[in-house]
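> One line per chain: the protein sequences are A and B, in this order. Letter 106 of the first sequence, counting from 1, is numbered 160 in the working numbering, and no numbers are missing. Letter 97 of the second sequence, counting from 1, is numbered 147 in the working numbering, and no numbers are missing.
The hints are simulated quantities; they were obtained by calculation from the structure and are not laboratory data. Any given hint could turn out to be false.
Claimed, not checked - Below, in silico cross-link-like pairs of lysine-lysine (DSSO-like), each with a Cα-Cα straight-line distance of 27 Å or less:
(1) A:K132 with A:K116
(2) B:K53 with A:K116
(3) A:K69 with A:K98
(4) B:K119 with A:K98
(5) A:K69 with A:K132
(6) A:K137 with A:K116
(7) A:K98 with A:K116
(8) A:K137 with A:K69
(9) B:K119 with A:K116
Said to hold, decoys possible - Computed footprint of chain A on chain B, listed as stretches where at least three residues anywhere in the stretch have a Cβ under 8 Å from a Cβ of chain A:
(10) 93-103
(11) 150-158
Every residue, glycine too, gets a C-beta built ideally from N, C-alpha and C.
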Amino acid sequence: EAGVAQSPRYKIIEKRQSVAFWCNPISGHATLYWYQQILGQGPKLLIQFQNNGVVDDSQLPKDRFSAERLKGVDSTLKIQPAKLEDSAVYLCASSFVTGSGNTIYFGEGSWLTVV
Amino acid sequence: DAKTTQPNSMESNEEEPVHLPCNHSTISGTDYIHWYRQLPSQGPEYVIHGLTSNVNNRMASLAIAEDRKSSTLILHRATLRDAAVYYCILRHYRTQNTGNQFYFGTGTSLTVIP
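Use the sequences and the hints to build the structure in full.
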């Protein structure tokens, strides 16, 4: 079974520039998550989609971050304009909707450095 | 939101058992306890999960307190490849329309000494 795919793997941009990250979840997973992980910290949920609807975006800095999940499959996370504090790993993950065995599967992450 | 508390770091000698504790005093009755680990430069990966009873799999064992306010991940024989950050997470399921929510803490960085 193919895992969660993310791209690009690494990105370096200057502050005030924009960047976009792409995620393709595991086939059949209705729930998609974007997490931000700053060095030395645990992942922080930015946004959660259920199919193509937003379930939770309470910690998404909406003045600069946006995300969409068209057709309930792939998703894109955009940052515009970027700040130095946005330097982090952006992790995409997916899971099934229900069931006691539900686990969350992560991609390898997109590493962002803002200079 | 329910949260977890873990020690920042722990050390273990190779081939000895490791007990990684986690406190989750605000856990609700339907929250599952999950453990994930994150190797350097990789995304977190699933280790084990449980609801009330102790659980075993090929990677580890999970011991859950009777009141469910704490749990312990047990690695029976630590190897150098087990050096990672271990996260204790509560999986909260709300509805069919919202799916599962996973809340991470800061995790425990495990060092395995040869």
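> All the hints need checking, so say for each whether the structure fits it.
Consistency of the hints with the structure:
1. A:K132 with A:K116: Judged against 27 Å, a Cα distance of about 10 Å means the pair holds.
2. B:K53 with A:K116: holds (24 Å)
3. A:K69 with A:K98: holds (22 Å)
4. B:K119 with A:K98: Since the Cα atoms of B:K119 and A:K98 sit roughly 22 Å apart, the hinted pair holds (cutoff 27 Å).
5. A:K69 with A:K132: Given that 27 Å is the threshold and the Cα spacing comes to 14 Å, the pair holds.
6. A:K137 with A:K116: The given pair, whose Cα atoms are some 13 Å apart, holds under the 27 Å limit.
7. A:K98 with A:K116: holds (15 Å)
8. A:K137 with A:K69: At roughly 5 Å apart (the allowed maximum being 27 Å), A:K69 and A:K137 satisfy the hint.
9. B:K119 with A:K116: Violated - the C-alpha atoms of A:K116 and B:K119 are around 35 Å apart, more than 27 Å.
10. 93-103: Coverage by chain A holds here, the residue count being 6 at a Cβ distance below 8 Å.
11. 150-158: Per the Cβ count (8), the hint holds.
Violated hint: 9 only; the structure is consistent with all others.
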